[in-house]
Amino acid sequence: MATWTPDPSFYPSPRMAMQAPPERLAYVAMLNVESAARPDALGVVDVDPNSSRYGQLLARVDMPNTGDELHHFGWNACSSALCPYAPHPHVERRYLIVPGLRSSRIHILDIKPDPASPKIVKVIEPQEVAARANYSRPHTLHCGPEGIYVSALGNGEGNGGGPGGVFLMDHETFDVLGQWEIDRGPQFLAYDVWWHLGQDTMVTSEWGTPDMIENGLDPDLLLGAKYGHRVHFWDLRKRRHQQTIDLGPEYQLALELRPAHDPTKTHGFMNAVVNLTDLSSSIWLWHREGDRWAMRKIIDIPAEPADPDQLPPLLKGFKAVPPLVTDIDLSLDDRWLYVACWGTGEMRRYDVADPFQPKLTSSVRLGGIVARAGHPGADGALNGGPQMVEVSRDGRRVYFTNSLYRTWDEQFYPEGIKSWMVKLDAAPDGSLAIDERFFLRFDDGFRGHQVRLEGGDASSDSYCYP
Amino acid sequence: MALGLQEGRRGAVLSALPPIALGHALSVLIVVLGFGVTQFFVAPKLLAPGLAAILIGFGAYRLMRDPRHRVRAGMRAGFAELTLWSFLMATAHGAGLMILPLLLGMLTPASMLALSLCGPGAEMTGTVAALGTALAGAMVVLVHMAAMLAVVAVVALLVFSTVGLGILRRGWVNFDRLWAGTLIGGGLAVLLIR
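Same order as they appear, the protein sequences are chains S and V. Per our numbering, the first sequence runs over residues 1139 to 1604. Per our numbering, the second sequence runs over residues 43 to 236.
Note that these hints are calculated values from the structure, not bench results. For clarity, every value in this text was computed on a predicted model and none was experimentally measured. Hints are not guaranteed to be accurate.
Unchecked claim - The calculated label-pair distances, taken between Cβ atoms and stated as ranges, are: (1) T1382(S) with V196(V): 45 to 51 angstroms; (2) F217(V) with S1173(S): 38 to 44 angstroms; (3) G99(V) with K1376(S): 35 to 41 angstroms; (4) R1430(S) with P60(V): 28 to 34 angstroms; (5) G1568(S) with V205(V): 30 to 36 angstroms; (6) A95(V) with G1205(S): 52 to 58 angstroms; (7) E1263(S) with V196(V): 48 to 54 angstroms; (8) L130(V) with Q1380(S): 23 to 29 angstroms; (9) T1143(S) with K87(V): 41 to 47 angstroms; (10) S57(V) with D1186(S): 44 to 50 angstroms.
Said to hold, decoys possible - Where chain V lies over chain S, by a calculated footprint (3+ residues, C-beta under 8 angstroms): (11) 1148-1155; (12) 1334-1348.
Glycine residues also receive a C-beta, built at the ideal position from the N, C-alpha and C atoms.
Using the sequences and the accompanying hints, generate a full structural model.
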């Protein structure tokens, strides 16, 4: 039901959203790997430092089926509802849309009666997604001005193939409205989707089709440079493909897209997970050049030499541990870029005030394939590494978990990831400090993946006003 | 206002106004023309209750129906797109309907005015009545457009230069409901004032 005044968590501009009160709750996707009979869950974490249960799991909402592989999720509506060309200021940020990446089932959870105890109110079966949008494996979703945009890795024909793409859902009824693309041009692989609302431009990136990823990272495909290495730019209004930028086939796995939040800015950041020539990871900047988009590599993070005895079978021959940058996040003021190195176990913070000249200002080591760096609030060595990272709206707190994707977890951490969630304090001077009081250990075979913060965070909302 | 902020200049706010006013006026004009034609085929005593029923019905429909949202527009809108957007918005919200009570009240005076314009000795014929309706219609559309333009300009410039974006967070009340209520109120007024 529509409200009388706008949802108080909607902000016209990123500048105003930074004044928002600190989050008290975090939601985290929890993958269960212990038992085939046990479903995945959505967890609720207390992130209020004044609470007696700070850093603890308050609730766990089990999904109705097993084998979903919960991964990314998001809100039904957010600050983009204030956009002038399709204003819906009186819908509420009330529902979490939680897709199963493996099952293609989409869960709708209502957080309104009690934000600490979400309730599943609707489940959309994979057949509906396939029948209405001809897609499967819903991955990332964003609340747009006129509905929910969902990227999907596979087609709806059940053969594990492509093309992947984007489909739309209604932000109140949650009906799957259909395929977004009118003309996809040369685009075939899908992964992330986001946009520059001020430029009417959508951007998509490339991972692989379901049959390329679901049984693990395929070394033959990787060395054959078959995984995604291109970025696509689209006309958001006409739903047409406009431009492809190829990073070069050696830059495999072009994943997370983080456009500037200020709608008058025309740049953004993307990570390429592995460079086939030296196992390095790289960060790329897209920007305007005349009336076209252009991309350039702005950061290289090298692999670190390692004793083969300490490496999993997949990496022994390389005698090095790759950084495996698998997630990045940009603060709301477009000033700080956080880079999660899942392989080496490092969280890096860059000053990107000048996006062409990033400066590494701080770094924290936790976990890692070789390093196994520990946490002051936990006993012993940690495995897994910084992965899904989320930044609070005011830019002061950084949360992350350590699991990537079930079958890929087993290849890089074959002993089995013991999952955790941590929080860092990010001061305005560019430093990073581990919060000793915040170390959440997931038990019962659960692994944490994406984190979403109460009222919105640095990767949940987009804005139409500067 | 959004275009002004996007481009960082007040001129963008001002240059967005003419197409918005034009689109709105076109939408209103269509409803007024429809009314002008209708009044020749409907018994005069049925006009007011009929209009009241339409206003109340449309207002109630807008209150009850599920919200819809399939707008194909964007942030980089030019003159034609802004006109079309404004036209669609005004039409979907029933802006023209709101003019009709006023027009209804002006029919008789306008016909008399038309009669006098035709010179002494002219008789009240169908042509003269049509002329009157056209006069009233044109006047209503123009006055309405000027008023709307002024209000939109003042509000947009105020928010752009003085009030700031914060107003969008708390002051953006649910105009959909307010508007539906106004339509119903207009319908009731037609019934009562008659």
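Notebook entry, point to check: Do the beta carbons of E1263(S) and V196(V) sit within 48 to 54 angstroms of each other?
Noted result: For E1263(S) and V196(V) the Cβ distance comes to about 52 angstroms; the hint holds.
Check: Okay, L130(V) versus Q1380(S) on CB: inside 23 to 29 angstroms?
Finding: Holds, since L130(V) and Q1380(S) (Cβ atoms, about 25 angstroms apart) stay within the stated range.
Notebook entry, point to check: Do the beta carbons of G1568(S) and V205(V) sit within 30 to 36 angstroms of each other?
Noted result: 35 angstroms, holds
Margin query: 44 to 50 angstroms was suggested as the range; check whether the CB atoms of S57(V) and D1186(S) agree with it.
Written below: Since S57(V) and D1186(S) have Cβ atoms about 48 angstroms apart, the given range 44 to 50 angstroms holds.
Checklist line | Hint check for G1205(S) and A95(V) - Cβ pair distance inside 52 to 58 angstroms | finding: 57 angstroms, holds
Notebook entry, point to check: Are there at least three residues in the region 1148-1155 of chain S whose beta carbon sits under 8 angstroms from a beta carbon of chain V?
Noted result: n = 5 at 8 angstroms, threshold three: holds.
Next item on the list: Take a look at whether the Cβ-Cβ distance between T1143(S) and K87(V) falls inside 41 to 47 angstroms.
Entry: 43 angstroms, holds
Checklist line | Outcome of range test on Cβ distance (R1430(S), P60(V); 28 to 34 angstroms) | finding: 32 angstroms, holds
Check: Quick one: are F217(V) and S1173(S) within 38 to 44 angstroms, going by C-beta?
Finding: 53 angstroms, violated
Checklist line | Pairwise beta carbon distance, T1382(S) to V196(V), judged against the given window 45 to 51 angstroms | finding: 46 angstroms, holds
Notebook entry, point to check: In terms of beta carbon proximity below 8 angstroms, does the region 1334-1348 of chain S have 3 or more residues touching chain V?
Noted result: holds (count 4)
Check: Does 35 to 41 angstroms hold as the CB distance between G99(V) and K1376(S), or does it fail?
Finding: 36 angstroms, holds
Checked against the numbered hints listed earlier, the structure breaks hint 2 alone; every other hint is satisfied.
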